[in-house]
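Assemble the whole structure, with the sequences as input and the hints as a guide.
Chains as they are written, first to last, in this note's numbering: chain X, 1 to 105; chain W, 106 to 210; chain B, 211 to 675; chain A, 676 to 1140.
Because the hints were derived from the structure by calculation, they are not lab data. Where hints are given, some of them may not hold.
[Said to hold, decoys possible] Derived contacts from chain W toward chain A, CB cut-off under 7 Å, selection only: (1) Ala120; (2) Ser121; (3) Phe135.
C-beta: ideal position from N, C-alpha, C; glycine also.
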Amino acid sequence: MFDSAFLLAQETAAASSLIAGLTIFALAIFVGVEVITKIPPTLHTPLMSGSNAISGITLVGAILAAGEYPGAAKLLGFLAIVLATVNVVGGFLVTHRMLEKFRAR
Amino acid sequence: MFDSAFLLAQETAAASSLIAGLTIFALAIFVGVEVITKIPPTLHTPLMSGSNAISGITLVGAILAAGEYPGAAKLLGFLAIVLATVNVVGGFLVTHRMLEKFRAR
Amino acid sequence: MSRAWVDLVYLIAAVLFILGLKGLTHPRTAVRGNLLGAVAMLLAVLVTLFDRQVFGGGVFGYTLIFLGLVIGSAIGVWLSITIRLESMPELVALFNGLGGAASFIVAGAYVTATPSDETSYAVSFATAASGLIGAVTLTGSLVAFAKLAGHPLLKRMPALPHSTVTNAVVGGVTLLLAFVCAISLSYDFWFWLVVIASLGLGYCLTISIGGADMPVVIALLNSYSGLAAAATGFVLQNNVLIIAGALVGASGLILTNVMCKAMNRSLTNVLFGTLGPTGETKDADEVYVNVKATGPDEVAMLLDVARRVVIVPGYGMAVAQAQHAVRDLANFLIAKGIEVEFGIHPVAGRMPGHMNVLLAEADIPYELLKEMDEINTSMEQTDVCLVIGANDTVNPDGRDNPKSAIAGMPIINADKARTCVVIKRSLSPGFAGIPNPLFAADNTLMFFADGKQAVLDILASLKEG
Amino acid sequence: MSRAWVDLVYLIAAVLFILGLKGLTHPRTAVRGNLLGAVAMLLAVLVTLFDRQVFGGGVFGYTLIFLGLVIGSAIGVWLSITIRLESMPELVALFNGLGGAASFIVAGAYVTATPSDETSYAVSFATAASGLIGAVTLTGSLVAFAKLAGHPLLKRMPALPHSTVTNAVVGGVTLLLAFVCAISLSYDFWFWLVVIASLGLGYCLTISIGGADMPVVIALLNSYSGLAAAATGFVLQNNVLIIAGALVGASGLILTNVMCKAMNRSLTNVLFGTLGPTGETKDADEVYVNVKATGPDEVAMLLDVARRVVIVPGYGMAVAQAQHAVRDLANFLIAKGIEVEFGIHPVAGRMPGHMNVLLAEADIPYELLKEMDEINTSMEQTDVCLVIGANDTVNPDGRDNPKSAIAGMPIINADKARTCVVIKRSLSPGFAGIPNPLFAADNTLMFFADGKQAVLDILASLKEG
Ligand SMILES: NC(=O)c1ccc[n+]([C@@H]2O[C@H](COP(=O)([O-])OP(=O)(O)OC[C@H]3O[C@@H](n4cnc5c(N)ncnc54)[C@H](OP(=O)(O)O)[C@@H]3O)[C@@H](O)[C@H]2O)c1
Ligand SMILES: NC(=O)c1ccc[n+]([C@@H]2O[C@H](COP(=O)([O-])OP(=O)(O)OC[C@H]3O[C@@H](n4cnc5c(N)ncnc54)[C@H](OP(=O)(O)O)[C@@H]3O)[C@@H](O)[C@H]2O)c1
Chain X
1 MFDSAFLLAQ
11 ETAAASSLIA
21 GLTIFALAIF
31 VGVEVITKIP
41 PTLHTPLMSG
51 SNAISGITLV
61 GAILAAGEYP
71 GAAKLLGFLA
81 IVLATVNVVG
91 GFLVTHRMLE
101 KFRAR
Chain W
106 MFDSAFLLAQ
116 ETAAASSLIA
126 GLTIFALAIF
136 VGVEVITKIP
146 PTLHTPLMSG
156 SNAISGITLV
166 GAILAAGEYP
176 GAAKLLGFLA
186 IVLATVNVVG
196 GFLVTHRMLE
206 KFRAR
Chain B
211 MSRAWVDLVY
221 LIAAVLFILG
231 LKGLTHPRTA
241 VRGNLLGAVA
251 MLLAVLVTLF
261 DRQVFGGGVF
271 GYTLIFLGLV
281 IGSAIGVWLS
291 ITIRLESMPE
301 LVALFNGLGG
311 AASFIVAGAY
321 VTATPSDETS
331 YAVSFATAAS
341 GLIGAVTLTG
351 SLVAFAKLAG
361 HPLLKRMPAL
371 PHSTVTNAVV
381 GGVTLLLAFV
391 CAISLSYDFW
401 FWLVVIASLG
411 LGYCLTISIG
421 GADMPVVIAL
431 LNSYSGLAAA
441 ATGFVLQNNV
451 LIIAGALVGA
461 SGLILTNVMC
471 KAMNRSLTNV
481 LFGTLGPTGE
491 TKDADEVYVN
501 VKATGPDEVA
511 MLLDVARRVV
521 IVPGYGMAVA
531 QAQHAVRDLA
541 NFLIAKGIEV
551 EFGIHPVAGR
561 MPGHMNVLLA
571 EADIPYELLK
581 EMDEINTSME
591 QTDVCLVIGA
601 NDTVNPDGRD
611 NPKSAIAGMP
621 IINADKARTC
631 VVIKRSLSPG
641 FAGIPNPLFA
651 ADNTLMFFAD
661 GKQAVLDILA
671 SLKEG
Chain A
676 MSRAWVDLVY
686 LIAAVLFILG
696 LKGLTHPRTA
706 VRGNLLGAVA
716 MLLAVLVTLF
726 DRQVFGGGVF
736 GYTLIFLGLV
746 IGSAIGVWLS
756 ITIRLESMPE
766 LVALFNGLGG
776 AASFIVAGAY
786 VTATPSDETS
796 YAVSFATAAS
806 GLIGAVTLTG
816 SLVAFAKLAG
826 HPLLKRMPAL
836 PHSTVTNAVV
846 GGVTLLLAFV
856 CAISLSYDFW
866 FWLVVIASLG
876 LGYCLTISIG
886 GADMPVVIAL
896 LNSYSGLAAA
906 ATGFVLQNNV
916 LIIAGALVGA
926 SGLILTNVMC
936 KAMNRSLTNV
946 LFGTLGPTGE
956 TKDADEVYVN
966 VKATGPDEVA
976 MLLDVARRVV
986 IVPGYGMAVA
996 QAQHAVRDLA
1006 NFLIAKGIEV
1016 EFGIHPVAGR
1026 MPGHMNVLLA
1036 EADIPYELLK
1046 EMDEINTSME
1056 QTDVCLVIGA
1066 NDTVNPDGRD
1076 NPKSAIAGMP
1086 IINADKARTC
1096 VVIKRSLSPG
1106 FAGIPNPLFA
1116 ADNTLMFFAD
1126 GKQAVLDILA
1136 SLKEG
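Written out as structure tokens, the structure is:
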């Protein structure tokens, strides 16, 4: 009895935070669409590699996993850190290299 | 002892939901700025009255107050419902009246 | 319904609000945009009625709610139907005030109903903000309303002595109270003190601002009413309030900014400064030595031989309600094969987009309406520029005279047309209160008459000849 | 640090990400925009290191984390320094894959570490989504990478028979597994099944897409990698992952859409369709009956007397690495007082903005680069249009021939210039595989040579004569 009430409360809390997450997701999509449609074709290649670097944000999740979880999950976290870091560091650097050319003038 | 732990947990939960709220607020501001700077001067008067109508969203809060709270708070809720409804209904109608002129052609 | 489902519908409503605003980016989709906003509101209200908490309130609660909705709707419908479109700014000001009031009252209801040991600093901060912003919005908007409507009560309202000092003191006290309210968790008492102080503050801040600056103030108050709603959203932890409030907050700020830029003034200057003839401005007698008056027949002759005519409307066209006459004149000229365009200054009239609304009301196609920068590029190829009730927005001093009170305000270059005809009733100044060298320029003819009558006379003369 | 403080810093990071993307709206602010993004990432990573949960993991956890960061950074730096800019698309594809992989691995770690009775449907749905999207991104990106890099391994990879059927079956099975995983709260096992199936799906979906369509696929996978990160954000209830993921998701989708529009094809057509000569297209022998060849001296003479020259670069300029030579030619002409502009087609080359990157690398001012629509308005007033390694993007069939395989694709009207000179090595077709009537037009001269050599020869001839 207590258990099921507890589970229900847990499910409700999870649902609420799911909706909050969805709200944030929806708003971020709007922001993304509005901002990115303003980016001129000239900069589409750097946009592609730059936004790619941003998608490495999952690195944050990887650090949490490697830090917090026990056993096998920790090692998965480690693996994810390596992969995500390559994505982040490589992505920003390569974009910078490209954009430097644009700034030259 | 238990009480203070409880209060702390409560404060933490409140802080978390505050940050979630701030996140949503910040994203919505971005969306607003991006969308509204695209609105041409021609439509600035309808925008003013239309967005004014939207600010009547506080009506939702008023309904919750009038429904949920006891005593004096309920009556405050009632008062807020009247005021907010004038804002909402009047605002959208007047904007519609104005925009109809634009659609004529 | 459980909270999660309600929240989901709120999310949908928020998305619809955004899509509605996006609809306002084009005249063709604007009506739909506004309707989307209304649907979003309806959705949010309906789902709230089914919220578990409201359900718990029982029959009495529902009775109150429906009563409130009915009364509010009735007043809202009545106001929106009876108002004339020219009184728009007043009405927006009034609605603004009501919205702000509703926001702080809801926060007040929360404070009254919630035992202080069930709250947190996060909430008490939001409550203080809601009380402060909402109450300032209420009285500020009411003053703006009264000023614009020229309400007799206003004449009996005291103008404040030493307004800057008074404002600073009242503002300081209010902020202090708000701070105390925010950090004291038993804030019932403090909250209402904040509200009272803020009501005073709203009054003080707006009472000393010039009537003609009211549009800027209204846009700013519009922004405030949104922020008040958002603050209330933080109190109730309700996301749709936060999102919709933020959208309105952004919208008001952007409009304020647009207006200030078009007048080349800073917001501080509008809120605290004064505007008027500075020592440097020449006085009217000096400027108006060489004014040439004209009448309908001469103007009709000029138009008859013109190949390109630009019409520049201003606040006077709104006062004279001349838009339909102007439409007829424009159509007549177009039918004769003359190229006709309208030059719309961003702050012509008394609201942003004021002229556009009036001209749209008269069914003038919006393709003919050109913005300032665009029309200025072709002004030199224009045979006749017909200025109808505009003054400051065509004052060359804004462009040429760095010492003028309106120096730096971008203008429509009516003086660059081959001939410029200005229709107004007298040589009296416009909103900025300064003389206009355009009226005495060699290529300018003044047609002194009421805007509507003048246009009708020109049209009659054209049809005869 | 407590969760609220960490979340606050995440919020700041999210705002910086958005400001960074806004910086990319102008070349002048783009470098700063990218740096802002990097700072945001650094901030998010740093604050995570201080998170209470990570702190709880102790020294071993920190050791792993730092090891991972160091190894990853080393590889990232090395890759980004050694890569040539022309290999950009491959590199982006590779990074994409790694990002997608990291996302689903994190979700996997969560699944492994969290007892199934502590989870909820909200989370299990997100987990399934993360596994599905992340794994598809990984293998899809690897295939794209291999195809673009022309990796020998690819030749040994089996091309799938009946690809549409296979795709449908694999896709169906994967979706079914994902659904089961989402609704079964003890999902450890199911999750990894979904991952395995999705790895297969990513392979199947991309292996049959033409190598030249890879840019579209990469943009799409870019979007997926963002969505995978967002899904992982839902699993961990971490807002910065959700926001950053959504931004990338939107960006990828918009780029995909831009490319599809510029090729006048639908996304479905790219993903599942085939492109190539249809029965209706004339074959090369028919089209190329009247081709006039030319050499450097004749072209130099033409340029010498021209007043306006438009240079239209294409994929061939990238292959030949001719951008620096082109810069020298353009500078020479400009110094002689000739008006020179570049006409950039949105899908010239193999990535969106490909030409812009190359020309920027060669220090050609971006004011000279005109978009398709703009350059087309002045093509008729152009004396010489110099096409360097472009083919499909200047094929008049896109504009004129409704039966062509590229019918409806907007093109640069090189054929409308007084004289058109095309530099390419042979008459072989471009990406779309169809003949180009431009090459046989009366006002076209073909200069058969490698792009770089041809431009150098023209320049030498100009300097002599
Ligand atoms: N649009 C906005 O959002 C906004 C906001 C704030 C401030 N403002 C200010 O408002 C001003 C607007 O400039 P504006 O050029 O449109 O107008 P204006 O400078 O205010 O001048 C209006 C002119 O219309 C004439 N007029 C009044 N009634 C008339 C009638 N019945 N028939 C014909 N003429 C009539 C008046 O002259 P007579 O009395 O001689 O006829 C007056 O000179 C600017 O200074 C602007 O900064 C605008
Ligand atoms: N940009 C994108 O985002 C994107 C994405 C997907 C697909 N695409 C497709 O890619 C195509 C791009 O069009 P495009 O006009 O740029 O190029 P294209 O149609 O692919 O033609 C490139 C031409 O360059 C020539 N070439 C190759 N190497 C050369 C060299 N070393 N020197 C001189 N010429 C050389 C080739 O002819 P020879 O072999 O005779 O020299 C070829 O005909 C479009 O069909 C577009 O749809 C682009």
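Item to check | Index of numbered hints that the structure contradicts, given in increasing order | outcome: Hint check: nothing fails, all pass.
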